[in-house]
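Enquirer: Modelling step: build the complete structure from the supplied sequences, incorporating the hints.
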Amino acid sequence: MSEKQPETFTKYQKFVIAILAIVQFTVILDFMVLSPLGAILLKELSISTSQFALVVSAYAFSAGAAGLLAAGFADKFDRKKLLLFFYTGFIAGTFLCGISPNYEFLLMARVVTGIFGGVMSSISFAIITDLFAIQVRGRVMGFVQMAFASSQVLGIPLGLFLANTYNWHAPFLMIVGLSIAVALSIFIYMKPIDAHLKLQKTGNAFKHLTSIFAQSNYLRAFAATTLLATGGFMLMPFGSAYGVHNLGIDIKQLPYLYMITGVCMLVASPIMGKLSDKIGKFKIFIIGSSITSIMTLIYCNLDVTPLWIIIIINILLFVGISGRMIAASALMTAVPEPQDRGAFMGINASIQQIACLYYCRHDRIRNQYGVP
Amino acid sequence: MIVSETSTGYLNNYGLLGNVVVLAVILTVFLMYNLYQFISKKEENNLQPVSIAKEAA
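Those protein sequences? They're chains S and G, same order as listed. In this text, residue positions in the first sequence follow my numbering: the first is 1, and each later residue adds one. In this text, residue positions in the second sequence follow my numbering: the first is 1, and each later residue adds one.
By construction, these hints were calculated from the structure, which means they are not laboratory data. All figures in this text were calculated on a predicted structure; none of them were measured in a lab. Glycine is no exception: its CB is placed at the ideal position from the N, C-alpha and C atoms. Any given hint could turn out to be false.
[Said to hold, decoys possible] To give a feel for the contact side, a few chain S residues facing chain G, derived at Cβ under 10 Å:
no.: 1; residue: P270
no.: 2; residue: K278
no.: 3; residue: K281
no.: 4; residue: A334
no.: 5; residue: V335
Expert: Structure representation (structure tokens):
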């Protein structure tokens, strides 16, 4: 595959990249902020750890289901309208979280947030695929993936600060405030994205969904996504416990490990995206996979280790993971036909959410100690 | 299934979990190579984003 040197982005393209990155930031932050609020929620709502685990996993479960259900309809509408519709639902769900008076209400609010928030990444990726040529998609993905690191570095400490200063509702209301501003910007400035509507063949959403599963190349892509997601999520659930009990990290030092890694990812993600456009997406995927494999083998066989060494290994591990994820995401966008993009991305996102469900259900230590 | 926790919180078999993750990474490389070949062929047939020309202007 030829990888030409990308041209500079237009003002409008820069706006789209920024707005999609912020959309992703708010959605990921809403998901991630719950985990460190665990200690406060257990006390305030008088709930057990298993009830709290249900609150956390309710989001991922409803997001996975919604992604799959929405996939059939994803290519039937203007993507801007679809983005606004689901983002509005996400804001409403987050607002409900922000005013939850008890456990049952919060659980219902998380389900609502998951139904709408879980579809956001697939719509965003479909928009990226529609608006940007494959030669520059690595760079775009690199910027959008910064949202993950940003939520870890900026969002979670800020959320914890608000929760400690005011109450646990405050971080959700902060996300609502930011999201309303983003939604207004999308409504005012984003142009309709409806060129794919001219290419639609079948009218039935269910038929469209089944036609996606009938294509062998799509199935291979879903298999790759499953392996990509499960590979990453296998280590994450035990990360904090392994760090504290096996590597000898003080529980109070754990946030520094996550924060330093997050800052490095903020820098590394756009570089990885740029390199994947310049050198080649598959080459970067191979390099990222090699770094990930080597660092995984080192990391998983460590004993009690000084913190600075763990930080270096962790950074290198996440550089590898980020490189392969960005390159794979950019390559994956080239798989579906234009008329199938929304549905394909929806199913792809569902698969990731289901893998994420595994992570939610097992991340006990982080919840227990309220560690971001 | 792979990792077990002792009473002190120490995790056993974490090295084995690392090997399983690396195996998953290697399998993903093979699958992605397959997809990459498919995408390359598709690109040869002039892959263009639907509305890039219209929207980028």
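Enquirer: Which of the numbered hints above does this structure break?
Expert: Of the numbered hints given earlier, those the structure breaks are 1, 2, listed in rising order.
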